[in-house]
Amino acid sequence: MNPLKGSVAIVGIGEVPTGRLPERSPIECAVDSSRLAILDSGLDPSDIDTVIPTAALCCPAFNTDLVTGRLGEELGLRLHNNLQVFAGGATSSVMLKLAAGLITTGVSKAILFVHTDKLGTSISGQEGIDLFSTAGISKEWEAPYGLHYSAVAGLITQRYMFESGATPEQLAAVCVSNRKWAQLNPHAMFRKPLTVDQVLNSKMLSTPLHAFESNMLADGGAAFVVTSAARAAELTDTPAYLLGEGSRVTHFALSQEPDMARFGYAQAAQEAYHMAGLAPGDIDLAELYDSYPVFQLIALEELGLCPPGEAGAWVAEGATWPGGVLPMTTNGGMLSQGHTGAGGGIAILVEAARQLMGKAGDRQVGSPSFAIETATGGTYVDAHVTILGNQIPQTGTDQP
Amino acid sequence: MTDIPMPPMTPWSAPYWDAARQEKLIIQRCTACGEHVFYPRRVCPHCFEDSLDWVEASGRGQVYTFSVVQNNAPSAFVDQMPFVIAVVILEEGVRLMSNIVECDPDHVHCGMAVEVTFRPISDEVTLPVFQPAAGSDQQQEASQRHA
Numbered sequence: 001m002n003p004l005k006g007s008v009a010i011v012g013i014g015e016v017p018t019g020r021l022p023e024r025s026p027i028e029c030a031v032d033s034s035r036l037a038i039l040d041s042g043l044d045p046s047d048i049d050t051v052i053p054t055a056a057l058c059c060p061a062f063n064t065d066l067v068t069g070r071l072g073e074e075l076g077l078r079l080h081n082n083l084q085v086f087a088g089g090a091t092s093s094v095m096l097k098l099a100a101g102l103i104t105t106g107v108s109k110a111i112l113f114v115h116t117d118k119l120g121t122s123i124s125g126q127e128g129i130d131l132f133s134t135a136g137i138s139k140e141w142e143a144p145y146g147l148h149y150s151a152v153a154g155l156i157t158q159r160y161m162f163e164s165g166a167t168p169e170q171l172a173a174v175c176v177s178n179r180k181w182a183q184l185n186p187h188a189m190f191r192k193p194l195t196v197d198q199v200l201n202s203k204m205l206s207t208p209l210h211a212f213e214s215n216m217l218a219d220g221g222a223a224f225v226v227t228s229a230a231r232a233a234e235l236t237d238t239p240a241y242l243l244g245e246g247s248r249v250t251h252f253a254l255s256q257e258p259d260m261a262r263f264g265y266a267q268a269a270q271e272a273y274h275m276a277g278l279a280p281g282d283i284d285l286a287e288l289y290d291s292y293p294v295f296q297l298i299a300l301e302e303l304g305l306c307p308p309g310e311a312g313a314w315v316a317e318g319a320t321w322p323g324g325v326l327p328m329t330t331n332g333g334m335l336s337q338g339h340t341g342a343g344g345g346i347a348i349l350v351e352a353a354r355q356l357m358g359k360a361g362d363r364q365v366g367s368p369s370f371a372i373e374t375a376t377g378g379t380y381v382d383a384h385v386t387i388l389g390n391q392i393p394q395t396g397t398d399q400p
Numbered sequence: 001m002t003d004i005p006m007p008p009m010t011p012w013s014a015p016y017w018d019a020a021r022q023e024k025l026i027i028q029r030c031t032a033c034g035e036h037v038f039y040p041r042r043v044c045p046h047c048f049e050d051s052l053d054w055v056e057a058s059g060r061g062q063v064y065t066f067s068v069v070q071n072n073a074p075s076a077f078v079d080q081m082p083f084v085i086a087v088v089i090l091e092e093g094v095r096l097m098s099n100i101v102e103c104d105p106d107h108v109h110c111g112m113a114v115e116v117t118f119r120p121i122s123d124e125v126t127l128p129v130f131q132p133a134a135g136s137d138q139q140q141e142a143s144q145r146h147a
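So the sequences go chain by chain: H and S.
So that you can map any letter, position 381 of the first sequence is 381 in my numbering, and since no number is skipped, the others follow by simple counting.
So that you can map any letter, position 1 of the second sequence is 1 in my numbering, and since no number is skipped, the others follow by simple counting.
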């Protein structure tokens with residue numbers, strides 16, 4: 001058995017509302033979400049020996065404060081380690097596997113991970129477009145051609161539709177699914193009902209991507225606490241154990257991606273299922289990274305969560321809605337909760353833990369045992385698949 | 001209006017940009033393993049050797065995927081909208097990001113045959129871009145429209 005399977009667990013989560021909240025400072029979000037996460041964990045603040053804040057893109061000076069230990073001091077923690085981990089949108093999954101390494105090797109006993117950013121109000125809409133036309137995009141080989149994130153999503157969605165036959169209505173239905181969940185999420189930025197027609201009638205950004213199929217940059221913050229499985233079992237009956245993870249990095253420059261309709265999800269998922277000893281049929285909910293709807297459709301197919309080749313039709317039929325057979329991205333995702341930079345993915349990981357802990361309020365999906373989560377950064381350079389559960393399966397596909 | 005971002009060149013990419021300015025598309029080829037390479041590297045990504053040489057590319061390829069930018073372009077590109085951005089696979093097998101020009105954006109499609117042409121964006125920099133291949137339906141239509 002993989003030594004990291006069931007080795008650590010998320011035991012506490014904290015989050016502040018996502019939206020356009022100019023009066024709220026990044027340090028306020030960081031302190032508040034961290035405090036909530038530590039209180040939620042049941043650990044004493046003095047048990048936290050490591051703080052890992054990820055990058056705040058909005059404010060380099062604030063980010064330097066994070067790197068140099070401000071958060072631990074503001075919270076009165078007694079730290080052995082303060083360091084930054086940043087892998088763009090994939091930071092969530094990267095943080096969790098790093099936590100497993102640090103904790104199983106004894107470097108850390110309890111780790112606080114924090115993300116906060118102010119992308120919704122610290123920059124204008126055009127500045128956001130310009131920022132994201134350089135972040136993760138090759139300045140020599142792609143930026144001179146006008147590549148930016150809407151076009152990245154347009155290129156990928158075009159190829160996915162060409163290969164899969166998915167329709168514009170099916171892509172739009174993904175946004176509707178996310179919105180139905182966001183309507184149940186008091187922290188979400190967008191909570192009004194949304195229809196397929198509204199999505200398809202929103203302005204075209206980069207074909208075939210409509211405005212309502214684009215995430216919205218937002219202010220927000222989220223935090224989570226990870227400790228050993230043994231300590232977790234003392235704290236709660238429903239920790240979110242790390243059960244499986246797999247990943248692939250498949251390009252830097254988008255043009256170098258060999259398969260823009262699939263990326264590395266199938267291989268990453270195979271590793272994650274194998275490590276967890278679980279199969280797609282065991283999964284109760286899918287917290288899929290959604291900065292654009294195509295990534296949820298790709299993940300549904302490549303993770304084996306829907307009938308092969310039918311992700312679009314499946315979502316359009318309501319399979320992923322509240323009450324559907326596979327609840328998907330149950331916080332509303334970046335398309336409806338809002339995109340806070342690296343925090344979009346962290347909010348999704350926190351949501352997976354929240355559901356497994358039974359703390360999701362109006363959107364709680366019964367008593368799930370196993371959740372699968374995806375994350376990806378840059379121009380979808382990597383595919384991370386993480387399986388979490390509130391129990392540790394002792395048998396499975398990794399047994400002979 | 002903001003200027004188009006100029007590509008930050010490297011010593012090992014300079015021959016590519018020099019050739020583009022003379023309206024030639026060159027790509028690297030590894031003398032050790034024979035594979036073609038784009039974008040220019042210091043090390044062959046196929047075999048890890050550092051013996052990359054330059055060859056002139058056919059300039060012919062096909063559209064792998066594309067997108068017509070209609071709204072929300074970066075500042076430097078707002079006045080070019082609508083424009084077509086595309087990933088092109090050359091006959092040599094390498095992939096590059098580029099623009100499709102001389103073609104009705106509505107007629108660009110995955111698999112479309114294209115050939116290289118060149119667009120200067122400053123005195124120093126000329127970008128290789130792509131247009132419908134000679135003899136293709138899109139090329140004939142484009143030439144009629146411009147007649």
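Treat the hints as calculated values from the structure; they're not laboratory data.
Careful, some of the hints might be misleading.
[Said to hold, decoys possible] Derived EDC-like pairs: lysine to aspartate or glutamate, alpha-carbon spacing no greater than 20 angstroms straight-line:
hint, chain 1, residue 1, chain 2, residue 2
1, H, K203, S, D3
2, H, K109, H, E73
3, H, K139, S, D123
4, H, K359, H, E28
5, H, K97, H, D32
6, H, K109, H, E28
7, H, K139, S, D18
8, H, K203, S, D18
9, S, K24, S, D79
10, S, K24, H, D49
11, H, K192, H, E73
12, S, K24, S, D106
13, H, K139, S, D3
14, H, K139, S, D106
15, S, K24, S, E115
[Unchecked claim] If you anchor each label on the Cβ, the simulated ranges turn out as follows:
hint, chain 1, residue 1, chain 2, residue 2, range
16, S, E141, H, G323, 25 to 35 angstroms
17, S, D106, H, Q198, 40 to 50 angstroms
18, S, M9, H, P186, 29 to 39 angstroms
19, S, D106, H, E127, 50 to 60 angstroms
The structure displayed is predicted, hence computed values, not measured ones.
The C-beta atom is built at its ideal place from N, Cα and C for all residues, glycine as well.
| Of the numbered hints stated previously, which ones are contradicted by the structure, given in increasing order? | 1, 4, 5, 6, 8, 9, 10, 11, 12, 14, 16, 17, 18, 19
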